[in-house]
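Residue numbers (my numbering), protein chains in the order written: chain A, -8 to 348; chain B, -8 to 348; chain C, -8 to 348.
Where hints are given, some of them may not hold.
Pairwise CB distance ranges, derived in the manner of DEER restraints [what the hints assert, rightly or not]:
{"#": "1", "chain 1": "A", "residue 1": "LEU(-2)", "chain 2": "B", "residue 2": "LEU163", "range": "52 to 62 Å"}
{"#": "2", "chain 1": "C", "residue 1": "LEU243", "chain 2": "B", "residue 2": "PHE251", "range": "50 to 60 Å"}
{"#": "3", "chain 1": "B", "residue 1": "LEU163", "chain 2": "C", "residue 2": "GLY159", "range": "42 to 52 Å"}
{"#": "4", "chain 1": "B", "residue 1": "LEU69", "chain 2": "C", "residue 2": "PRO144", "range": "28 to 38 Å"}
Looking from chain A toward chain C, a few residues come up when the C-beta cut is under 10 Å (computed) [as the list claims (entries may be wrong)]:
{"#": "5", "residue": "ASN107"}
{"#": "6", "residue": "HIS111"}
{"#": "7", "residue": "LEU119"}
{"#": "8", "residue": "ALA136"}
{"#": "9", "residue": "THR147"}
{"#": "10", "residue": "PRO149"}
{"#": "11", "residue": "LEU152"}
{"#": "12", "residue": "TYR170"}
{"#": "13", "residue": "PHE171"}
Simulated pairs of lysine-lysine, DSS-like, Cα-Cα distance not exceeding 27 Å [claimed, not checked]:
{"#": "14", "chain 1": "C", "residue 1": "LYS177", "chain 2": "B", "residue 2": "LYS259"}
{"#": "15", "chain 1": "B", "residue 1": "LYS177", "chain 2": "A", "residue 2": "LYS259"}
{"#": "16", "chain 1": "B", "residue 1": "LYS72", "chain 2": "B", "residue 2": "LYS177"}
{"#": "17", "chain 1": "A", "residue 1": "LYS177", "chain 2": "C", "residue 2": "LYS177"}
None of these hints come from the bench; they were simulated from the model. By construction, the Cβ of each residue, glycine as well, lies at the ideal position given by its N, Cα and C atoms.
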Amino acid sequence: MFRYGMLGFIPLAVALEVFHAPAVWVFVVSALALLPLAGWMGQATEELAARAGSTVGGLLNATFGNAAELIIATVALLAGKIEIVKASITGSILSNLLLVLGLSVFLGGLRYLRQNFNAHAAGLSASLLTLTLIAFMLPTFFDLAERNFFNVPDPTLPDELFSLATAGVLILIYLANVYFTLRTHKDLVSGLDEAHPEEHPATWSVPVAVGVLAAATVGVAVMAEFLVGSLEAATEVLGLSEFFVGIILIPLVGNAAEHFAAVVFAMKNKMDLAVQIAVGSSLQIALLVAPILVLVGYFAGRPMDLVFHNPLELAALAASILATNAVVRDGESNWLEGFLLLGVYALLGFAFFFTPR
Amino acid sequence: MFRYGMLGFIPLAVALEVFHAPAVWVFVVSALALLPLAGWMGQATEELAARAGSTVGGLLNATFGNAAELIIATVALLAGKIEIVKASITGSILSNLLLVLGLSVFLGGLRYLRQNFNAHAAGLSASLLTLTLIAFMLPTFFDLAERNFFNVPDPTLPDELFSLATAGVLILIYLANVYFTLRTHKDLVSGLDEAHPEEHPATWSVPVAVGVLAAATVGVAVMAEFLVGSLEAATEVLGLSEFFVGIILIPLVGNAAEHFAAVVFAMKNKMDLAVQIAVGSSLQIALLVAPILVLVGYFAGRPMDLVFHNPLELAALAASILATNAVVRDGESNWLEGFLLLGVYALLGFAFFFTPR
Amino acid sequence: MFRYGMLGFIPLAVALEVFHAPAVWVFVVSALALLPLAGWMGQATEELAARAGSTVGGLLNATFGNAAELIIATVALLAGKIEIVKASITGSILSNLLLVLGLSVFLGGLRYLRQNFNAHAAGLSASLLTLTLIAFMLPTFFDLAERNFFNVPDPTLPDELFSLATAGVLILIYLANVYFTLRTHKDLVSGLDEAHPEEHPATWSVPVAVGVLAAATVGVAVMAEFLVGSLEAATEVLGLSEFFVGIILIPLVGNAAEHFAAVVFAMKNKMDLAVQIAVGSSLQIALLVAPILVLVGYFAGRPMDLVFHNPLELAALAASILATNAVVRDGESNWLEGFLLLGVYALLGFAFFFTPR
């Protein structure tokens, strides 16, 4: 019901844009319009997945799970807002790991003294997160070495080449992980697949699902244009830094659906699913969305490297991955561990809030 | 017996101070006088705790366990010796993690082939240490970002604001941990509470304990004044750097009681208690003493941020937490692991010893 | 058979050197000649070890296991090629951890769904790797602190002193680990010792083994002279950076025997041995070869500190140790984990390849 009502934001956003309303209004309303659209995209994907059987379904989920984020970031990238795109990648990873997972573990832990989840799957996720941290750290250290050690005055080209190579490796790891999860080691993540259909049985026919997916995709693309177009003016009026908007605010909106779903699962003591949504979504951003953006940027003449010039951004990524690994690795959780994750999120939120505009 | 004898250092320190003896003498004698005083404070707290029942008693221990350190640091802070205060916080954490825990694990391991401790409690401690590392890393990266990325010429104010916010988050985490340990998950740390009374049954009446606590607190405060007042001149004469004194020497004195107690427990194969003393004390410094000092400094007009300008200091903190996590997380120890911790302590000791005066 | 044929490279290298052939030829042929020589040294050591009983044998293996690497590095050090020596230490550690272990885990995992190894031994290895990371990080942070915080214009002397102290601590840890493994906690690494004799029963008489060891040692030393002498000219002609050669190419040649042996064990599902070869060899480089080189350099008037001026080198070390710890700590492996290690190796390979010449 609620989600149908929110669709009203779409025509409102169009009207505001057409009549040149103040940027803040366009920004806020198009952000709100993205909430139901991202929800529809996700639901349509899941409906198709539920009909497709576990392997193809898993593949669909693995590929289109963060399609809305990918579209928004692509629009921003093509508009040349490269720093915002990088910030929203970082932000998406850390809001999933700290806020979505933190809330799930905390709220689930208030209800259940101790919650368990598949330690093997969690261990593998932790290893993949460690790889993510390494892959996102190296381009920055590469840039640092070029500048300060080899005294290369402008390492733009080698930075781009190395980031392209990194993107290639990340996509290979992503594909390997999909093959591992859906083929060779299905059993490792069992319990997840079975639980999904119970929660979301297929109710839409295939044409309906495809139609909804197509319409929502177009909607997301249009709203993303409005959002990106109004971003700069809006942040200035609101007195917020681009980093705070990219790292904290946009992912808050973009991951609203994940938040809700993960918390609901956690409160039903289905921690495997909650962890899977939060960590899986982060990994999808890191191993698929980010490298696709690097490739798209390269071929569209808007090259984006993976160098983080703001040291706080890399520290935030490292902090969120270290904290998640500490909490997740043993396959057990309690409310205090959720509180810790939320504490790290609060620390990062303050850091980016106090950052200059 | 021995401790009664050491009380003689108190009048001696007063005499030296009154007759303007050389600073080195005042420094050494007031440091020695602090040993029995810190011991009395600890014992009086435990006597009160033993009478108060496990929850209030645990709360008392959790709050006043490092009261002597807090008083010394507050005196130094109010005297404007901010770098020494920060150094002594770092030093207290790493001497507890590497020297106290290292000696306990090593000496205990010489007697028992393999020693076990509660893996759940150890895992939680490791997570809290990881949070500590993150919280102590972020202000420095924030400062770095301000200076080098945002080109803020003087980030004193934002550094202070962010450090205040960090202090707030740390205190919340501390309170959450106390609530977790004493209320919702008492069972997780069981074995600890029960073992304590056996070791230290209440023998003092409440008025005696309160009286000893009050007298020792006054004594600590006075000796701390002498110690801080003679510090600068003494380190110069001794040819030691302020960092070496703050990070290695002062915590060696301040944690003498912890060393002794933890090693004794380890050699009785009560590793849970030994780990609890070493790691618990570090966490209390990080999550309670450090943030209180930030708040006290702010309201007393001596603002102290949590930025570490000496890169070695942050590296030392990271090293001690990484090493402790590696050793502690599996709930098992042997002498080689203790030797490793002592090895890391030796490395850090050399590093700060070779540092310029 | 094959290895006998490769001995032909030795006279060929001598001929090329004597007739002043182009440096690239000398470089390539002497590198190829080192392969069988390092193999003979290793085999002769193992033959002696097999005859000597498990303790002395273990000691022999622990001491001479990386003798070929030590000789090559010493020759380079005495020739003043200090940066190449440091790079080859880093490279040897990361090629063992990422390439040797990665290939073993990957190829073993293609054959067996899940492979297990002694989690206690793996946990201890992970702790020793963490110590290695700390010990190799601190000199660089020490140098950074000297330069940027204490404003020491030329910290060469304190850097050397601290590196000497670090070398001393590392050798102590090495000896402690040998004592732990061969004496106090033999049982912890059981399964390894027993498996070795089965694989390599002693077939040579002691005089033959000693003779082969002596001859191969001389051969390695001569070929190392040729290799080091032709290195600079060869890398220039090949258009490769010194870092790429030192970190990627030389260890590829130097560890060829380890690669082969570890992969063979992994494919026979003897993961304990595969992990032991890869991780044990890294630890031997870090805890024995590197500190010996620091001491040799100091007494030979070619002081080598352990400061890494290229930030990428330290990042590479951190990345390889973090990734290995993530994969190894739980005592279980699958092909995806091997793929991850190989992915990290590929990332580092690209990074050093794109580095300026």
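Now the hints, each set against the structure:
1. Range check, LEU(-2)/A to LEU163/B: Cβ separation about 39 Å, and the 52 to 62 Å hint is violated.
2. As the Cβ distance of LEU243/C to PHE251/B is approximately 52 Å, the hint placing it in 50 to 60 Å holds.
3. One distance hint, 42 to 52 Å for the beta-carbon pair LEU163/B and GLY159/C, holds here, with the actual separation near 44 Å.
4. A hinted range of 28 to 38 Å holds for the C-beta pair LEU69/B and PRO144/C, which are about 36 Å apart.
5. Residue-level restraint check for ASN107/A is violated (minimum Cβ-Cβ distance to chain C is 16 Å; threshold 10 Å).
6. Checking HIS111/A against chain C: minimum C-beta separation of about 8 Å stays under 10 Å; hint holds.
7. With a cut of 10 Å, the hint placing LEU119/A at the interface with chain C holds, because the nearest CB-to-CB distance is about 7 Å.
8. The closest approach between the C-beta of ALA136/A and any C-beta of chain C is roughly 4 Å, which is under the 10 Å cut-off, so the hint is satisfied.
9. Because the smallest distance between the Cβ of THR147/A and any Cβ of chain C comes to about 12 Å, over 10 Å, the interface hint for this residue is violated.
10. The closest approach between the C-beta of PRO149/A and any C-beta of chain C is roughly 5 Å, which is under the 10 Å cut-off, so the hint is satisfied.
11. Nearest Cβ of chain C to the Cβ of LEU152/A: about 6 Å, under the 10 Å cut. The hint holds.
12. Residue-level restraint check for TYR170/A holds (minimum Cβ-Cβ distance to chain C is 8 Å; threshold 10 Å).
13. Because the closest C-beta pair between PHE171/A and chain C is about 4 Å apart, less than 10 Å, the hint holds.
14. At roughly 24 Å between alpha-carbon atoms, LYS177/C and LYS259/B fall within 27 Å of each other, so this suggested pair holds.
15. Between LYS177/B and LYS259/A, the direct Cα distance comes to roughly 24 Å. Compliance with the 27 Å bound is thereby established for this hinted pair.
16. Of the pairs offered as hints, the one joining LYS72/B and LYS177/B is violated, with about 40 Å between alpha carbons and a cut-off of 27 Å exceeded.
17. Simply put, LYS177/A and LYS177/C have alpha-carbon atoms about 38 Å apart, too far for the 27 Å limit, and the pair is violated.
In this structure, the hints that do not hold are numbers 1, 5, 9, 16, 17, in rising order.
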